[in-house]
Structures are given as structure tokens and as C-alpha cells.
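Peer 1: Heads up: the protein sequence lines correspond to chains A and B, in order.
Each residue of the first sequence is one higher than the one before, counting from 4 in my numbering.
Each residue of the second sequence is one higher than the one before, counting from 52 in my numbering.
If you're looking for bench data, these hints aren't it; they were derived computationally from the structure.
Glycine included, each C-beta is placed from N, C-alpha and C at the ideal position.
One or more of the hints may lead you astray.
Claimed, not checked - Not everything, but these chain A residues come out facing chain B in the computed CB check (under 8 angstroms):
#1 Y154
#2 F161
#3 T166
#4 A215
Unchecked claim - These stretches of chain A come out as covered by chain B in the derived footprint (C-beta under 8 angstroms, 3 or more residues):
#5 173–180
#6 239–252
To be verified - Okay, the calculated bits of chain B under chain A, using three or more residues with CB under 8 angstroms as the criterion:
#7 92–100
#8 185–192
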Amino acid sequence: MSPQRRDRLLATGAPLLLLALWEAAVRMGLLDARLFPPPSSVAVTLYRLVAGGEVVRHAAVTVLRVLAGFGIGASTGLIGGLLLGAVQPLRAALEPTISALYVIPKVAILPLVMLIFGLGEASKIAIVAIATFFIVIINTTAAVVGVEPIYLEAGRAFGARRTQLFVHVVLPGSLPAIVTGLRLALGTALIVVIAAEFVATQEGIGYFIWHAWNTLRPEELFAGFIVIGGLGMLSYAVIRWVGRRVMPWLEEDRPREGRIDHA
Amino acid sequence: MSPKIVLREVTKVYPARRGPVVALDRISLQVADGEFVCVVGPSGCGKSTLLRILAGLVPPTSGVVQIASGRRGKPLHSLVFQEYAIFPWKTVFQNVVFGLQMRGVPKGERETAARAWIDRVGLRAFADAYPRQLSGGMRQRVGIARAFANDPEVLLMDEPMGALDAQTRLLLMDELLRLWEADRKTVVYITHDIEEALLLGDRVVLMTARPGRAKATFTVPFPRPRGIEVMASPAFARLSYEIWEALRDEAIAAMGDAAAQPPPAAGGAP
Numbered sequence: 004m005s006p007q008r009r010d011r012l013l014a015t016g017a018p019l020l021l022l023a024l025w026e027a028a029v030r031m032g033l034l035d036a037r038l039f040p041p042p043s044s045v046a047v048t049l050y051r052l053v054a055g056g057e058v059v060r061h062a063a064v065t066v067l068r069v070l071a072g073f074g075i076g077a078s079t080g081l082i083g084g085l086l087l088g089a090v091q092p093l094r095a096a097l098e099p100t101i102s103a104l105y106v107i108p109k110v111a112i113l114p115l116v117m118l119i120f121g122l123g124e125a126s127k128i129a130i131v132a133i134a135t136f137f138i139v140i141i142n143t144t145a146a147v148v149g150v151e152p153i154y155l156e157a158g159r160a161f162g163a164r165r166t167q168l169f170v171h172v173v174l175p176g177s178l179p180a181i182v183t184g185l186r187l188a189l190g191t192a193l194i195v196v197i198a199a200e201f202v203a204t205q206e207g208i209g210y211f212i213w214h215a216w217n218t219l220r221p222e223e224l225f226a227g228f229i230v231i232g233g234l235g236m237l238s239y240a241v242i243r244w245v246g247r248r249v250m251p252w253l254e255e256d257r258p259r260e261g262r263i264d265h266a
Numbered sequence: 052m053s054p055k056i057v058l059r060e061v062t063k064v065y066p067a068r069r070g071p072v073v074a075l076d077r078i079s080l081q082v083a084d085g086e087f088v089c090v091v092g093p094s095g096c097g098k099s100t101l102l103r104i105l106a107g108l109v110p111p112t113s114g115v116v117q118i119a120s121g122r123r124g125k126p127l128h129s130l131v132f133q134e135y136a137i138f139p140w141k142t143v144f145q146n147v148v149f150g151l152q153m154r155g156v157p158k159g160e161r162e163t164a165a166r167a168w169i170d171r172v173g174l175r176a177f178a179d180a181y182p183r184q185l186s187g188g189m190r191q192r193v194g195i196a197r198a199f200a201n202d203p204e205v206l207l208m209d210e211p212m213g214a215l216d217a218q219t220r221l222l223l224m225d226e227l228l229r230l231w232e233a234d235r236k237t238v239v240y241i242t243h244d245i246e247e248a249l250l251l252g253d254r255v256v257l258m259t260a261r262p263g264r265a266k267a268t269f270t271v272p273f274p275r276p277r278g279i280e281v282m283a284s285p286a287f288a289r290l291s292y293e294i295w296e297a298l299r300d301e302a303i304a305a306m307g308d309a310a311a312q313p314p315p316a317a318g319g320a321p
């Protein structure tokens with residue numbers, strides 16, 4: 004068996020084994036079914052919720068909130084980061100403030116955001132946008148500043164002027180780190196949207212999970228976890244795909260011989 | 052005939068935390084039109100700084116730098132960098148065409164020129180490959196093609212073979228000789244390798260350890276066109292040893308200097 008094949012088998016086999024153990028533990032009464040419903044009944048519940056359209060509706064609302072908030076936050080963060088990275092005085096003026104605001108957990112300012120934007124959609128989108136904005140602007144600034152000086156020098160030596168240098172050197176040179184920032188931001192956007200949906204809304208996966216807890220339906224609680232996990236995986240895959248499309252020059256990640264973990 | 056490049060009493064001082072560092076100390080140099088001059092010196096002697104001053108990337112603290120310009124609409128100089136300064140996000144073709152594109156050479160014309168140079172360095176099959184798909188030697192061929200395709204009056208090369216293994220280096224030097232002898236541009240070539248300098252250059256300028264000064268100049272007598280075989284001659288070995296004799300003290304001084312004081316960051320502070 005090739006190492007890749009073995010790893011694939013392990014990657015699918017281990018979680019399946021874990022689920023089987025869980026199922027068995029509940030059936031033997033070792034695990035409280037009111038806290039940890041058996042995977043089989045979670046699967047049935049999830050199927051019922053998906054087929055009935057209920058969970059799909061909630062998921063769609065969450066996705067739309069994330070898309071709107073992420074779109075606003077990422078675009079402004081990107082533009083801001085490129086500006087900050089390229090203009091040193093601007094960076095000197097604003098970077099300390101941005102760094103200071105960045106470390107405040109965004110969920111903590113949710114009450115303030117709800118005061119400003121009300122209890123409706125606007126506050127959900129705003130909190131996601133704020134969380135996204137800070138991560139993207141900080142990563143983009145660092146990405147631009149981190150472009151290897153040798154490439155800038157090469158660009159200048161071959162006569163690139165400011166805009167040309169930006170388009171041909173700075174932008175592609177900082178793209179990998181920018182995409183990393185976008186990926187982090189999208190992950191955080193999901194966390195923040197779920198927290199925001201715990202309060203003052205009747206829609207969204209966050210609400211669905213909260214409601215399942217309120218009404219003591221553990222199967223639905225776990226079904227909600229699976230849906231949000233799926234959304235997380237989907238968002239990761241999208242960013243990865245976009246990253247490959249915009250950076251065809253990057254190496255695919257593949258196992259390297261001689262690495263300590265590569266048996 | 053008036054010289055192509057004139058450096059007069061050029062000094063470069065970098066400010067540093069522990070007081071100013073003199074990278075170049077009143078260095079003077081003249082290069083004739085079509086001459087291939089190699090500058091040899093121990094590491095940290097300021098030879099890269101010298102090249103950056105010639106390229107206009109770094110201003111000298113004092114002194115005169117002149118490069119005579121004969122043709123309109125052509126760039127004065129192109130740089131071939133140490134190691135891999137070709138853009139990893141551009142294909143071989145996009146890298147080679149870069150200088151022409153920046154100068155606004157019409158699309159058809161610049162693409163023809165770039166294709167021709169890619170052919171001349173033997174990378175036709177790799178025109179659309181990205182640098183990561185190439186070996187070190189191939190990458191540096193791209194760097195050389197990028198500079199030649201730009202068709203400058205002066206080629207400035209900063210240890211272009213520095214990162215290559217010995218065999219690749221020999222092959223590439225042979226290739227560089229062939230390319231250069233075809234159109235004899237004025238070249239200033241920085242290296243720390245004496246044999247490389249003797250094989251390629253018309254003249255070898257020896258620099259002292261920091262602060263960099265011009266210590267001695269050797270005229271290279273071997274006829275052109277030259278090839279690797281010249282390295283087998285006794286005269287080559289003799290001259291090589293003679294230069295080493297002159298360089299040895301500087302190399303030792305540079306080692307002591309490096310221990311006492313870290314050199315400024317690569318690329319040089321502004």
C-alpha cells in the first residue's frame with residue numbers, strides 16, 4: 004500500500020471509528036443520550052431538517068449575512084491595507100490605532116453595534132464586516148510591507164514607475180499573505196455571525212442552535228454543529244480555490260521527502 | 052575615445068546604530084565602451100553597493116558617477132542580480148519581456164525581442180513555465196535574458212553565478228561569453244571568484260576589504276573569442292595566483308571585520 008493510500012484510509016477510517024465508538028457507548032448506556040445523542044439519530048434529524056427545508060433556510064440566511072459582511076469588510080480592508088502598506092506616513096499614523104482595536108474580541112462590541120445599527124440585519128452584517136475588516140487590513144498591510152526588497156529593486160532597475168511597480172511587483176508579491184488573511188477573516192466571520200445570531204433574531208444557524216438548546220433538542224443542536232462545520236469547510240475550499248486561480252505560480256502543497264513527520 | 056563609465060572619488064557612507072559605516076571610500080574607475088570589467092573583492096567590501104550606485108538605485112554620498120549615453124530611447128543599464136531576483140509570479144516570457152514592457156515598447160516588437168532572447172538562452176520550451184519549475188541555472192538564464200532583452204547600453208551584473216553549483220556555473224559562464232561576444236556591450240561584473248573574473252573580463256579591478264577602495268587593476272591578456280579551455284593554460288593559473296596574492300590580505304581583513312561588525316542588510320539601506 005502506498006503511503007498516500009494509507010493516509011487516505013486513515014483519514015476516513017479514524018473518524019468513522021470514533022462515530023462507531025460513540026454510537027456504541029450511547030447504546031450501552033455509558034454516555035448520556037440527552038447530552039450526546041447517538042450519531043444515527045443526529046443523522047436522521049439532520050436528514051429530516053434538510054429535507055423539510057428548515058435548516059437550509061437558516062443556513063442560507065447565515066451565508067447571506069457572512070457574504071454581505073465579509074464583502075464589505077474584506078473590500079475596505081483590502082483597499083485600506085494596500086494604502087497603509089504603500090504609504091509609510093499613513094501607516095505611522097494609523098497602524099497603532101488599528102492594532103489596538105484589532106485585539107478587542109469583536110463579539111464584545113456586539114451590544115454597541117446593536118445600539119448603533121438596531122436589532123435587524125444591519126447589525127449582524129456590521130459586526131461581521133468589522134471583524135473581517137480588521138483582520139484583512141492588518142494582514143494586507145503586513146503583506147505589502149513584507150514584499151522582498153530584491154523584487155522592488157528589480158522592478159525599479161528595469162524602469163517600473165510607481166503604478167507599474169504596484170501592479171507588477173507589490174500586488175503579486177503580497178498576494179499569498181493577503182489570501183491567508185482572507186482565509187483567517189472568513190473563519191472569524193463565521194464565528195462572529197453565529198455569536199451575533201444567538202441574540203435578537205429568529206433566523207440563521209446561530210439562532211437554530213440557540214433555539215435547539217432552549218427547547219432541549221440535542222439532536223438538532225448537533226445537526227446545527229454539522230451544518231456550521233460544513234459551512235466552514237466550504238468557505239475554506241472557496242478561498243483555496245480562489246487562491247489557486249489568482250496565484251497559479253505557487254507550489255501545490257505536497258508531502259516532502261525527508262521531513263521529520265514523513266515516515 | 053572617451054570612457055563609457057566614469058566613477059570619480061565615489062564614497063558611500065551608511066548610517067548605522069554604532070556609527071556610520073563607510074562602504075566605499077573614494078573609489079575611481081573608468082570603463083571603456085564595449086569593455087568587460089570584473090570587480091573582485093572579499094565579501095562585504097561594498098562591491099554590490101558600487102553596482103547599485105551605477106544602477107542609480109542608491110545615491111553616492113559623494114563623488115561623480117557618469118554613464119555616457121549614445122542612443123535615444125534605449126535604457127542606460129540593466130541589472131542581473133545575485134540569486135533569484137526574477138519574479139516568481141511571472142512566467143519566463145513575462146519576466147524576459149518585463150523591461151521592454153515597462154519602457155512602453157510596442158507589444159509586437161517587445162514580444163519578438165523577448166522570444167528571441169528566450170531562444171538564445173535555450174529556454175524556448177520553458178517560455179510559459181514559472182520560475183519555481185526551473186533549476187537554479189535556468190532561473191539565472193532568465194535573469195540574464197531579461198537584462199539582455201532590455202537592450203541597455205551597460206550591463207551591470209551582481210554575482211550572477213553566486214548561487215549556482217560549480218558545473219552549472221561553468222556552463223553558464225561559457226554561455227555568457229558567447230552571448231556577450233556577439234554584441235559586446237559594456238559590462239561591469241561583480242564577483243568574488245577570481246577565475247570567473249579572468250575567464251570573462253577584459254580587466255579585473257581588485258577591491259579592498261571595507262571600506263572598499265580600488266586596490267589594483269589587472270589586464271586580462273587572453274584573446275577573444277574565449278572559452279572555458281583558457282582556464283587550462285599556465286598563464287591563466289599564474290595570473291589567477293597573482294590576483295589571489297593581492298586579494299588574500301583583504302579576504303583575511305574582511306573575515307576579521309565581519310566578526311567585529313555585521314554588514315548592512317542585503318540590498319543596502321537607503
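Peer 1: If a hint holds in the structure, say so; if it doesn't, say that too.
Peer 2: How the hints compare with the structure:
For A/Y154, the interface hint holds, the least distance from its beta-carbon to any beta-carbon of chain B being 6 angstroms, beneath 8 angstroms. Look at A/F161: its Cβ gets to within about 4 angstroms of chain B, closer than 8 angstroms, so that hint holds up. Given the 8 angstroms rule on beta carbons, the hint for A/T166 is violated: about 11 angstroms separates it from the nearest Cβ of chain B. Given hint, A/A215 at the interface with chain B, is violated; its Cβ is 47 angstroms from that chain's nearest Cβ, farther than 8 angstroms.
Check on the stretch 173–180 of chain A: 3 of its residues sit with their Cβ under 8 angstroms from a Cβ of chain B, so the three-residue criterion for coverage holds. Counting residues of the stretch 239–252 of chain A whose C-beta sits closer than 8 angstroms to any C-beta of chain B gives 3, which meets the bar of three, so the coverage hint holds. Residues of the stretch 92–100 of chain B lying with their CB closer than 8 angstroms to a CB of chain A number 0, which falls below the three-residue condition for coverage. Judged by the Cβ-Cβ criterion of 8 angstroms, the stretch 185–192 of chain B is not covered by chain A as claimed, because only 0 of its residues qualify and three are needed.
Of the numbered hints listed earlier, those contradicted by the structure are 3, 4, 7 and 8.
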